[in-house]
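Since chain B is already given, all that's left is putting chains X and P on it; use the hints.
Protein chains in written order, with my numbering: chain B, 825 to 1175; chain X, 7 to 106; chain P, 407 to 581.
Derived from the structure by calculation, the hints contain no laboratory data. Computed from a predicted structure; not experimentally measured. Each statement offered as a hint is correct.
Just so you have them, the derived chain B footprint on chain P, three or more residues with Cβ under 8 Å:
#, stretch
1, 452-465
2, 468-475
With a cut-off of at most 30 Å between alpha-carbon atoms, the simulated DSBU-like pairs for lysine-lysine come out as follows:
#, chain 1, residue 1, chain 2, residue 2
3, X, Lys105, P, Lys569
4, B, Lys969, P, Lys569
5, P, Lys486, B, Lys900
6, B, Lys1148, P, Lys569
Every residue, glycine too, gets a C-beta built ideally from N, C-alpha and C.
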Amino acid sequence: MSITTFVIISIIKSVAVVGILLTAVAYSVWLERKVSARIQNRWGPTRVGPFGLLQPLADGVKFIFKEDLTQPHVYKPLYIAAPIIAVVFAITSISVIPFGTWVNVGHWGTYLQITDLNIGLLVVLGITSMGVYGVALAGWSSNSKYSLLGGLRASAQMISYEVSLGLSLVGVVIMAGSLSLRDIVDAQGGVFWHFIPRWNIFHGQTLAFFIYMISAYAETNRTPFDLPEAESELVAGYHTEYSAMKFAMFFMAEYANMVTVACLATLLFLGGWHGPIFGPPILQAVMPVFWFCLKVFFFMFLYVWVRWTLPRFRYDQLMAFGWKFLLPLAIANIVVTALAVALRAQYPGTF
Amino acid sequence: MVPLSYYLVLSGILFVCGVLGFLIKRNIITIFMSIELMLNGVNLSFVAFAAHWHALSGQVFVFFVMVVAAAEAAVGLAIIIAVYRTRETLNVDQVNLLKL
Amino acid sequence: MLHLILFLFFGAICVAGAVNLLVQSHPINSALSLVVVMASLAAEYLLLGAEFVAAVQVIVYAGAIMVLFLITIMLLNAGKEERTKGSRVATLLGVPGVTIGAVLVAWTLLGRSSTTRSVSIGALWGAPKDIARLLFHDFLLPFEITSVLILIAIMGAVVLASKPEAVARGPRKDA
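Looking at chain B on its own, in the form it has when it is part of the complex (with noise of 0.2 Å):
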């Protein structure tokens, strides 16, 4: 492949995934409301397009023709560069997000995913991790009080759970023995008794999951974790001061982070793009995204339901359920794994 046509092809890949993302972010927005709705036993939004479709694009328009107000007690750089960092971060970390397999286009072929990094989750970890300074940087620089002890509490919680979050995922890179998304997912392909799937989920890591989704709830700042922008207690947390298409930015970024961690839990333990695959050819070349997509779908349906179903936490149940419960737990799943692949190459055949 030419450096041209690598280029030509990267450049699609991307646009292409960007567009995916941003309409993915639009319409999880429009799930959110029409899940929350039917929860408490309402509509949600109908009037725009048929079941409300077009409800996401009446937002926008909406959020471009708002006031952009800037007040005049905020630290201006910062106040501008919070939330174009944060959405710049949420949005970069579906880089090296693999979608599916191998796919070819006329002679030319190639893997569903911008590119493949042999240390693709450590990337997505550190571009994550520098997604809390949108959120600290824009309560910091809004110069009250409720924006600032939002932040506080943001990026206390971000820098906590991360710790707990990165050691969940230790033990599925014991397993697959690579950092590359592609591999680990490579690793959990087959069945277990002709029916049960090879996800990490069902092959000893359904706590590392139950860990990572909790951590990852914790990540986003999403119920039962929302401390940062509990509105009863302070406003809208670190967000408070900004409006208009600034306010959208923070909105993007939180269901961007959504859809990222989904597609990791997805990668990670339910074995992204495997599932049954049949049918002619060309329904087969689709299949696996399919599968790839089903699953997000599901993680993000879980997320609008934890919302609407839990209440919040407190701040020192918060800190101490990560600290004293989540990360000894994640360290214990790491020893067993660990001595479990230990115990599988010294003895072959007995796990």
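Leaving out everything else, chains X and P in the frame of chain B:
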């Protein structure tokens, strides 16, 4: 191809900036950041030498430096918080007495 | 050639960030310029083929240590620093002295410049597996000692940062 000395000069510049910050800054947190900058400068020369001699030990040393930096940041920032609690200032010139 | 351009580009960002750290008078701006230095250093590590170090640099330094600094600055509401007599003396003596030293070192190094063994862009040789083998075999004892160091640091941080009354009173009975 980049000569090794370029990397070393860059690492030296970073280290010197750290030393300068340590000397001229009066905010205790910024002084602390200057120390981190010095550690980063040293890390760069470790990795550059690792690439030069094709020996991975240089990279492993960087991990140890990072661990020390993390431990130092945790303890140091805790000390800063304790100092601020008793003196209510972050200026090092006003933290020059052993007794309150 | 591309390698040199990239090196110079990220090196320039690095130096600009480091100088900005010195020039800025508000600690939060200094902290952010340090984050920029660390991120561009990660890019330099990638140029040197050390991908794992680069990832860890971003996760640990930029993602954890600097956030800790940021939280402290926000928590203590640190304001602009004031100039004192001591800082003027340090500036007058320190800047020329340190600059002379730096120029001397740079001159010596550039005088005997040798090239690094070529690491072409995209060819990464510091694979996580090899680093792990080194870390858990050859450097096992230092590794264990650093883990003890970390443990002590955690305990020290908790004791130092907790309120003095809380330490004197001992563990809470109702907890």
